[in-house]
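> Starting from the structure of chain S, add chain U where the hints point.
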Amino acid sequence: MMRPVALARRPRWRNVQGFLFVLPWLIGFLVFQLFPFVASFVISFTEWDFGGEPRFVGLANYLELGRDRMLLKSLINTVVYTLLHVPGSLIIAFALALLLNQKVAGIAVYRTLFYLPSVTTGVATAVIWIWLLQPDGLVNAGLGLLGIQGPNWLGSTTWALPALVLMSFWSVGGSMVLFLAGLQGIPDQLYEAVAIDGGGEWSKFRHVTLPMMTPTLFLTSVLGIIGSFQVFTAALVTTQGGPADATTFIVLVMYWAGWQFWKMGYASAIAWALLVVILLFTAVQFRVARAWVYYEYDRPREAER
Amino acid sequence: MTPRADESSTLLARPVAGAAGQLADPARARATRRLRALGRSALLHLILATGAGLFTLPLLWMLRTSLLPPDLILAEPPVWVPWPPRWENYVEMWSAGPFLAWLRNTLIVTVVGVVGLTVSSTLAAFGFARTRFAGRDTLFLLVLATLMIPFHVRLVPEFMLFNWLGWVNTLLPLTVPSLFGSPFYIFILRQFFLTIPRELDEAAEIDGASLWTVLWRINVPLAVPAISTVAAFAFISEWNDFVRPLLFLHTPENLTLAVGVRWFTGRYSTQFHLLMAASVVVLVPMIVVFFLCQKQFLRGIALTGLKG
Chain S
1 MMRPVALARR
11 PRWRNVQGFL
21 FVLPWLIGFL
31 VFQLFPFVAS
41 FVISFTEWDF
51 GGEPRFVGLA
61 NYLELGRDRM
71 LLKSLINTVV
81 YTLLHVPGSL
91 IIAFALALLL
101 NQKVAGIAVY
111 RTLFYLPSVT
121 TGVATAVIWI
131 WLLQPDGLVN
141 AGLGLLGIQG
151 PNWLGSTTWA
161 LPALVLMSFW
171 SVGGSMVLFL
181 AGLQGIPDQL
191 YEAVAIDGGG
201 EWSKFRHVTL
211 PMMTPTLFLT
221 SVLGIIGSFQ
231 VFTAALVTTQ
241 GGPADATTFI
251 VLVMYWAGWQ
261 FWKMGYASAI
271 AWALLVVILL
281 FTAVQFRVAR
291 AWVYYEYDRP
301 REAER
Chain U
1 MTPRADESST
11 LLARPVAGAA
21 GQLADPARAR
31 ATRRLRALGR
41 SALLHLILAT
51 GAGLFTLPLL
61 WMLRTSLLPP
71 DLILAEPPVW
81 VPWPPRWENY
91 VEMWSAGPFL
101 AWLRNTLIVT
111 VVGVVGLTVS
121 STLAAFGFAR
131 TRFAGRDTLF
141 LLVLATLMIP
151 FHVRLVPEFM
161 LFNWLGWVNT
171 LLPLTVPSLF
181 GSPFYIFILR
191 QFFLTIPREL
201 DEAAEIDGAS
211 LWTVLWRINV
221 PLAVPAISTV
231 AAFAFISEWN
241 DFVRPLLFLH
251 TPENLTLAVG
261 VRWFTGRYST
271 QFHLLMAASV
281 VVLVPMIVVF
291 FLCQKQFLRG
301 IALTGLKG
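So the sequences go chain by chain: S and U.
Going by my numbering, the residue at position 105 of the first sequence is 105; the numbering climbs one at a time, nothing skipped.
Going by my numbering, the residue at position 253 of the second sequence is 253; the numbering climbs one at a time, nothing skipped.
If we strip away everything but chain S, and leave its shape as in the complex, we get (with noise of 0.2 Å):
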């Protein structure tokens, strides 16, 4: 290959003025990720009310995360949405996104209304399903008609938490985006394909579709885990934790020891103990990956090596 004659003439100004480039970010990712990252850290050694002067604790706050039965019930919790929140919602976005990939007149429309949810603010997606979970609320009458007696979502500790799922479906919209746009770059010559051999839809679905979306699926499943260890605002707005901390949250929990009781080391302590637990989950994925994503074009970029 030639080298072009301007890049060798000062490739070192053109690789200062590159980093300049990136100064702006590299300054705050400085500032506002390492410094408060690091001093997190820090701070969850000490215990701080905020208004005094830190003091240096030790382990103390880490050892009160295992005796604090408020927090143990919110890990369960934050789990427990976990386990019935990703994969619920990655497959009703996933089925929404196939329907809304399909050539039909008013499209957009239909993309649009669905895709609303997801950006109605959180304080007003609250209200609304406060009322429609109400006992006589829309939700039960709808599934009166399935001949089924709804429960007090909201007033009990064991539909509380689900109600909070049910909601979270509603907001699907994201990750359907997602989905839509990995499935309009599945390209055509693929379904052409299977057409030829005589396979039908199911077949498609099966061996084309499918695999080709396995990497915008494992995307979207450790964007969601990552997304759902973190859930905060539907419970705050919601339920506020109850009834009797059945829908306590990790994050709730820290929210509280920090802005309302002001023990900042203890929240500090919160959030590392979250972000070890988030890394942990995510490190699995990973790991578990290896087996079901398929990237076509890894193979032959190897071999071109």
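Rather than coming from a laboratory, the hints here were simulated on the basis of the structure.
A virtual CB, placed ideally from N, CA and C, is assigned to each residue, including glycine.
Be careful, since some hints might not be right.
Label pairs and their calculated CB-CB ranges [unchecked claim]:
(1) Leu-200/U to Gln-260/S: 49 to 57 Å
(2) Leu-20/S to Pro-85/U: 51 to 59 Å
(3) Gly-200/S to Leu-74/U: 47 to 55 Å
(4) Leu-280/S to Arg-30/U: 54 to 62 Å
(5) Ala-60/S to Leu-292/U: 50 to 58 Å
(6) Val-109/S to Leu-144/U: 36 to 44 Å
(7) Ile-148/S to Phe-151/U: 35 to 43 Å
(8) Glu-253/U to Gln-260/S: 19 to 27 Å
(9) Gln-260/S to Trp-80/U: 54 to 62 Å
Quick look at chain U alone, frame taken from chain S:
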């Protein structure tokens, strides 16, 4: 379900259908095919409309509540159609709380956020994609790492930092960090810049163009789909941001819309009509942006390799 030919395969399905057509008469086969396509799209519309109806029902309730007089909102049996509509709710909303201040704050945060995030992320992404300074790959790994770390981990020290700077209860904690870009957007844009052929840059640089010119005159115009996707993402997330305003803003007139609407949900009574009117107003820009940009939006996501 019986296999049906969908649009992507009609071209290739035709010879097969033609073979079947040798048995029956071709005109009838064509009519059958057309009927089938019609049935298929009718079925699709039925499914889509039912689903969209279910999804939109809560929003319709929001709309109807925003147009009802307060005493009819919780009436039994429920009033479904707000007739005559009470438009006064939308007028009352402006004076019942500092709505105008919230709107102004939200606009400031959103405009600074969208412009700041888009410009600074574009700059960084171009630096990562097109130059090789020492430590570039390490720094890019840091970009990816910050993507994975929940922002809640940083909240406590961030709050203390802003408090120390005297920024709490001002818009600065919501605007200033935006000026330094966001890892997610840098990642998307870098992926896109990598797909633009280098030869264009090199040709321009041989002609004596500076790196700055190469970025703004060649790469940015080609990256418009990706950049506008990032801008749309930024618009939606800044407009709807809840946690940061909740933590960093306190006095009513300093809030943004997303947290401000909580003003209408009092401890003892919620002013449903005003809350819902406000929520409709907050939602309108989202409807407009998504409806107008959805095609571009989807293409942008696909192009930027975000699909995985």
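> Of the hints stated earlier, which fail here?
9
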